[in-house]
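Engineer: As a plain string of letters, each chain reads:
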Amino acid sequence: MFSFDKSSRILASLGSGVLLVTLTAVCHAEPAGHYGYGEPATEDQIAGWDIDVRPDGKGLPKGSGTVDEGMNVFETYCSSCHGAFGEGMGRFPKLAGGDGSLAEDRPEKTVGSFWPYASTLWDYIHRAMPFFAPQSLTDDQVYALTAYVLNLNYIVDGDFVANSDTLPKVKMPNEDGFIWEDPRPEIRNERCMKNCRGEVEIKDSAVGKNLTPSTTGPLDKGLTE
Amino acid sequence: MFGKLRRLNQDISRIALEESNSLPSNERRRFLRNGLFTAGGAMVGGALAGMSPRLGAAETQYPPEIPSWTRSLGPGVVTDPYGVPSPFEKEVIRRNVPWLTAEKTSSISFSPIQHLKGIITPNGLFFERHHAGRPEVDPQQHRLMIHGLVERPIILSMEDLQRFPSVSQINFIECPANGGMEWRGAQLNSLQFLHGMVSCAEWTGVRLSTLLQEVGMKPEGKWLLAEGSDGAAMTRSIPMEKALDDVIVAFAQNGEALRREQGYPIRLVVPGWEGNTHVKWLRRLEVGDKPWMQREETSKYTDLMSDGTAHGFTWVMEAKSVITSPCPEMPMRGSGIYQIEGIAWSGRGKVKAVDVSVDGGRNWTQARLREPVMSKSLTRFSLEWSWDGNPALLQSRVIDETGYVQPTLAQLKEVRGTNSIYHKNAIQTWQVKPDGSVNNVQL
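First to last, the protein sequences are chains A and B. Residue 32 in this note's numbering sits at position 32 of the first sequence, and the numbers go up by one each step. Residues are numbered in this note's numbering as their position in the second sequence, beginning at 1, plus a constant of 1000.
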């Protein structure tokens, strides 16, 4: 006699797309560890590498930091690139300012004007800063820096203490400025082949703008125009 | 003359014999055979060249003269144990735009697509993007951890990973900022710098679905976090539907181990999606129930609209094409018949057709697609064109298998404004001038 399982496989082998999905579902039901390669990851091992932080605070460790403490850490490790007040040096990112500039011709996307979640600030400082020595700061230093940068942006007061309770409650100015759904394709053209547009006019040219590095000769030879 | 040559050969033979006296007999026989042959051959060639005034005095390698490389021996095998390009191709290199970033450790390089043929980008020319420089990862020490909402969290060595069944697929990777300097106007007069943040390779690795099945996902696992082990510990959140579709953990690129710039020993390949999601030097995959809203998916790689709102999670690279010959680096050389050639691709699947215009988009002719045409891969197109020497405005326009027709820049600007930086897949216009020069212009 056919078991249900057997008959579904036989039917699936006849090539029906719908039943192939059934077969895939059977595969997914396979117990974890089919191949058995690798080693089980222990809790300690996971804790060592699991550094990500989410907007709801999941992942934030113990510890805390004040705005004043953050100012000292910032001056030591951050101001050479980001400027003493987060104004940015050279082409390194500006961290503060830019309020209300997002719809302007030259928007300034800073932590204060653009970043939707405060958790991301803790996460990014912790995983990637300071730029020349990533993951060298203590959790308390990261909390302090987070507090300081939020304060530079007037998002928290000077007496703010950043920790795993307070950070998820910080409402960032631009939190509602994002649409987390892809609206594309935004443009639905017909494929026209003949007489598709009127007079053609060149509105802009790259010639003479003196921005193009050389594409011949040694690397970094300089600008061509 | 021949007497002199014989004496020279005898001298060499004598020296070779003396040199070989200290070798064991089998070694000695081999040494003599190789040594005599090579030394004698070289001498014969040299002597003959000296003998003949016509051959020796040749100033050109063109016919009827016989090239010098025809009259001599080249180096033998394993002179370059890992091959290198011809020295005459030394200008075909990745380049960067120094003014674009603060410094090179967090920067991007551009593929020299004006010089490339076919659809596969050589590994040494694949564009690079680093957020904290390119790390030197020891594969013996490297581990991939898979954990989170799974039944069996595991740590895999690189040997463990390669025991899983593997697949190979040809996919492009494009930085979503490719062409992003041009929203406000034509800036760069170079194909390489305008469109060189795209490359294509055959990737070999393990399907992410195989690995996720192995660890046993819990039903509430809807998102995946991929994390790199470089100094930026780069992270992106990827929805589970895509993770289970066609994503692979790749360890090989075009037949060899990944290049270090491409994430050695392992990286994610997320076909058709923006390059930033293809996390390199991959060390960790976490299954979760929500996206993580990391720096790369909030403050970066979101598209700012002209009203100040921004679109996030715009992962797909929409269809795009560009003419690679002629281009600013490959000008026209007098009137006559030309093969207009270019590349097209779509993050949503296969290229269905490419049209070419020589009059700025007023009229179009369907180009020939060159096989193979594969999903989420570069596709070559070409069209024969008889140039009469008059000014022309060249454009290409791709149509992908979803029916999407590549838009004009004016159309994109109307919807997105000029601040979005990313995902500029507009039609490129090349201005051809009567002197044959080719320039980047906007209509």
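Just so you know, these hints were derived from the structure itself, not from any lab. Just to be clear, a hint being listed does not mean it is correct.
What the hints assert, rightly or not - Below, simulated DSS-like cross-link-like pairs (lysine-lysine); rule was C-alpha separation at most 27 Å, straight line:
(1) A:62 <-> B:1290
(2) A:194 <-> B:1413
(3) B:1350 <-> A:194
(4) A:203 <-> B:1242
(5) B:1290 <-> B:1350
To be verified - Simulated DEER-style distance windows between Cβ atoms:
(6) A:189 <-> B:1167: 33 to 39 Å
(7) A:176 <-> B:1388: 53 to 59 Å
(8) A:210 <-> B:1117: 27 to 33 Å
(9) B:1167 <-> A:45: 26 to 32 Å
Every residue gets a Cβ at the ideal spot worked out from N, C-alpha and C, and that includes glycine.
Engineer: Failing hints, ascending?
Structural biologist: Going through the list in order, the structure violates hints 4, 5 and respects the others.
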